[in-house]
Structure formats: C-alpha cells, structure tokens
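Q: Fit chain B to the known structure of chain A by using the hints.
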Amino acid sequence: MAGSHERSGGFMSFQGRSNQKRQWFPGHSLIAFWIPGIILVGVILLALLVIAIPVLRNPEYLVSAAADPAVFQAFLVTFLAGFCAVGILAITGTPLAYALSRSEAPWKGLVETLVDIPLVLPHTVAGLMVYLLFMSRGMLGAPLGELGITFEDAFPGIVAAMVFVAIPYYVNAVREGFGRVPVQLENVARSLGATRARMFWSVTLPLATRHILYGALLAWGRAIGEFAAVIMIAYFPMVISTLIYYRFNTGGIAESQAIAFLLILLCLVLFFLFRFLTRHAGVYDDRS
Amino acid sequence: MMIGVDHLTLTRGNFSLSRVSFMVPDESYTVLMGPSGAGKTLLLETIGGFHGINEGRITIAGQDVTLQPPEKRRIGFVYQDYSLFPHLTVEDNVSYGLRMKGISSSSRKETVHTLLSSFSLLPLSHRYTGSLSGGEKQRVALARALATRPSALLLDEPFSSLDPETRSSCMDEVKTIQSDHGLTILQVSHDREEAFRLADQVVVMDKGVILQAGLPTDVFFNPGHRTVASIAGYENMLEGTAGPEREGMTPILVGGGVIFADGSFPEGDPYLACLRAGNITLTRPDMSRDELVPWVEGKILSLMVTDQGYRLRFDGPFPLTIEVPRHLSSGPVYQPGEKIRAWIAPEDVHLIPLSGECRNRGPGS
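First to last, the protein sequences are chains A and B.
Last residue of the first sequence: 288 in our numbering, with the numbers rising by one and none dropped.
Last residue of the second sequence: 365 in our numbering, with the numbers rising by one and none dropped.
Simulated from the structure, these hints should not be mistaken for laboratory data.
Quick caveat: nothing in here was measured; it's all calculated off a predicted structure.
It is possible that part of the hints are untrue.
[Said to hold, decoys possible] With the C-beta cut set under 8 Å, the calculated list includes, among others, these residues of chain A facing chain B: (1) 190; (2) 192; (3) 194; (4) 195; (5) 197; (6) 198; (7) 204; (8) 248; (9) 264; (10) 268; (11) 273; (12) 277; (13) 278; (14) 280; (15) 281.
[Unchecked claim] Computed Cβ-Cβ distance ranges for the label pairs, DEER-style: (16) 62/B with 274/A: 35 to 43 Å; (17) 21/B with 111/A: 37 to 45 Å; (18) 278/A with 165/B: 36 to 44 Å; (19) 166/B with 40/A: 47 to 55 Å.
Note that CB positions come from ideal geometry on N, CA and C, so glycine has one too.
In isolation and in its complexed conformation, chain A is listed as follows (with noise of 0.2 Å):
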C-alpha cells in the first residue's frame, strides 16, 4: 500500500511538473506574437493621449465644445445620417450580399469588384461621383429632384455619401456571414416546407446575425468617420468632420481637440455599449 501512495504521489507531483511547464510554455510563446500587437496597440493609444492630455490639462475647450449647440447639431447630423445610411444599407446590402454569396454566376465577380471600388478610391474620388451623381442635375439627383428630395448641402446628400464609402464595408461583412450559413440548412428547411423567403427569414437571417450587427457597426463607424466624400456634396448641415475641420482652420487646435476628444469619446462608448448589446446574439449554445 505504501509503495502504491508513494507510486501515486509521484505520478501527482508529475503531473503538478507536466501542468505547470504547460501552461508556462503556451504563455511564453505568445509573448512573441503580443509584441508587434502591443506596438500596434500602442500607436492607436498615443494618438488617443495626443487628443485627450491637452483637452484634459484645459478643460474649459471641452466644456465650452459641450455647450456648443452647433457642435451638438452636427453630432445630431452626423449619427443620424450614419444610421439612416446603415439603414439604407441594410435594406438594400443584405439581399446583395446574400445574392452574392450564393450566386454561381459568371458575372458575380464583377459585382464584387464593383462594390469593392468605394474601398479602393481616394475619398475626394467617391466625393466627386457621389457630387455628380446626385448633385441637382446629376443622373439621380435630377429626378429625385422634382420628388422634393434635394442632395447638394442637404442632409439626403449626408446619407448618400455616407452610404456610398459604407457599401463594401456593410455588403462584405454580411455576404462573409450569410456565406458561413450552410446551404444543407437552407436545403433542409425547403423541404420542410419553406419557401426561398421564409427559409431566408427564419433560417439564414438569424444564423448571419452576427455578421449584420458586424457589418452594421463597421459601416456606421466608416460612415460617421467620412469627411471629403460628404463635404463636395453638402458642407452644410455640418457633419462633426467638417465642423472639426472648420474649427481647426478658424479656431485653432485647441477648439478642434476638444470637439475631436468628446467624438472620440462618444464613439468609444457607443461601441462599447454596442458590442456588450449584441455580446449573445447570433450565438446559439446551451452547453455549459
């Protein structure tokens, strides 16, 4: 008996050895790929600081940016083109990229270089197209015209543009979703009796969740972020890039800090608040 307990304590204090080394080797070797990750990291950090050291060391900037009814419309202009733009988006990109993913086409390649080309082009580039586009005499501008929606400095030419820098952005994330759905569940809730609609409402839509809140939440981000593309069809009303971009001309660094530190920190809070939201959704496990 004793040389059995003997036996067992040494297998236990083996294996005490074997978990510790284990857990040391897997630790010490990700440290390799943390410190290139940590420089990165650290870049987005320092430009933060950059931003928040001055505006905190002043505070009196940020209060008065706080109190600033021009500087609160634009954040009301901005998010609220950034929404109707996901919108708009998300009634025209899912069925896109929903097509685009399932499609067999020879063509299809073709359409993704086509929604591809906003991410490629210099901003000013998608400015001009969308400015020719929709501008009173443009090829949709004009029609729409006469319908009473006017896009040259009007919120409509906000969310044009908006929509315009956030179509590969939303229409990828999505299509990369509905892509990860397997086309046997598709199959298999057709021949129970679902329609191609209902099997796309109750089957691929819920499962590619995830990927439309991602796909949303980057084309929101790309799309209040946008600055030359939405000044060349409506500098007014004022997005918050173009306001802080006018402050940094009349007012000096210090004004456009302020307002950059508080958009900074609402986008920062947004995200957080977003991602903590949707943290479950799209995730279907009962395993404990």
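A: Structure of chain B alone, referenced to chain A:
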C-alpha cells in the same frame, strides 16, 4: 413506384449526371452506393429539388415533380451532419416543417409531442442542438423529417459520423421506423455492411452514371462492372483472356498464370477475374490439399496483422491480396519473403466481360 428518376441529366461545373434512370419502389429501402465523387449526393439533392436539371423527369408518388420547388415535393431530407437548425431548440426543430405548412399551434404541439416521445427526445426538447450527441442529433433530424409526413425520405450518409455502437443501434432504429411507418427511403452510403443490413435494393453509380441496380445479393455477388465489384468487396481484379473450356471450367490466362472460373465462356474473350481476399486459401508448398482446387505459387511480399487475422500481399504469376482468418493461421505464422501456395476455387472467381463491362455472371448462373 414511389420515386422514379428517368433519364435525368444535369451539369454542375465540370461534373455531370448523365441519363440517370432508376426506381425506388413504394415502402422500400434503397441504398445508393458509389465511390467518392460519384455524384450520389448531387443526385439525392436533385431528387430533393435543390438543383435544376437539363433533361429528364423525376416522379414522387406518381406525380411529376421535375419542375416543382423543394417545398412542394413532400420529401424529407437528412444530411450526413444532420443539418439541425442551431438557433432553434430540439422542439422547434421538429415543429419547423409544421409551422411552414401552416399547421395550427395546438395540433402542431400534439404532433411534436408524439414524435419527441416516440424518438425518446422529450427530455431534450428545450435544448439547443449544438450540445446533442451524434445519436441524439440523428433522432432529432429523423423526427423533424417525419413531422410533415413526407412521401419519401432522402438520407445522405446518415450513419457515417456515428461511433460503431451508436451506428449499429441507429441503423436498427431507422429500419424499424421504415417498416413501422411504411416509408420509402433512398439513402446514400459508402458502407457495404450498411447496405446489406438495410437495403431492399442497391443502386451503384460512378462518375454520374448508374452502373447497376438490384437486390443487395444480386449486386454484391454478381457485379457487372469493375467499380461495382470493388464496392462489393472484390479486392483482387485481374484482367485476362478465356481459354478453352475443360470439365465445366474455363481457364482465364492472367499474366503468367491461370485462374479457373466455373462455367463456359467464349474462348479468346477478355474478362476481369474478380476474387475476394478472404476466398483464397493459403498453404505452404509442401502441404497437399484438395487436388481439384487449382493453385498458384509465389511468395509473400508483405504481411499485416488485422483484427480478423492477417492480410498478405502475394506475388506470384499475378499479384493478390489475401486475408487469412486468425483461426486458420494459428499454426506457424507466415513470413514476408516465404514461398507459398494460393488455392483459388473456381466457384469463387467472378468474371466480368471486359467488352462493355455489362452485367453477366456467365452462362448457367
């Protein structure tokens, strides 16, 4: 006939199903077999209505469904991975089809309860499917497919991802359900044992073409094609030419040796002589045996121990793979390089004519 496929032709990318025709009789269990890439799943999905076709006709329960969408075909489909909806509970998975068909909530609940109960799934009804075991998943998939009372069930390798024990019990369960409900089942399988155990009919296909269809015993003991013979478990396939018949046996000249086959075959015709590895008997050259059984001599190239006994690569006038059961090899074990005599009984040699490789066991069979 419950499922009829008539001259079905379809092209997808570089692969084609070419003039596929076969029938699945009412209330029968048909197993569709073939090597990987033969087009079995594509054929099953096409019957399910998931792919458009170029030509041909598909009938289910006497109705032409060729142009009908999947939701109108009244078929149940079960994939290899069961394709359960991960965002729905077991109960919601089973009731999905009933919801899609607009069945009222009360009768839906009743049907689902009956099905969950008969498949022993009631304790799991509120669980999501991601945490179920393979056997549980399979039961959910079957219950879901049966909920809408389909005319036929199409199963795509439903047992292949199960462990051997679960697999065996699941096969029994499915066979019982099939008999009890009088279901028509068309199942894709790779496994000969599965086909023997379940099938009333076996259909073998390769490269998008049906090679042979019939009773399992017919297909497995009387293959008419090289691929069918391979699926049927004939591991030795030797090409040769028929010699002049002698005493009811035809010699087939293979390489530098001769194999005798029962029956009379036209002299000079090319044949594929098929032999099961387990039907060849081995002895040492000095040991005598039934003198009526022809033999060839050679040496053992390699030897592998299996759960049944030994598996040998034999090199004589032609190469052979031979399986020796453990009880027969309980004497001195053979060694690689050892000289050996392989006895091949004529009744164990199955000949397939090489001109056209049509179904033919030979005259008199």
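Q: So which of the earlier hints does this model not fit?
A: Numbers 5, 7, 8, 9, 10, 11, 12, 13, 14, 15 and 16, in rising order.
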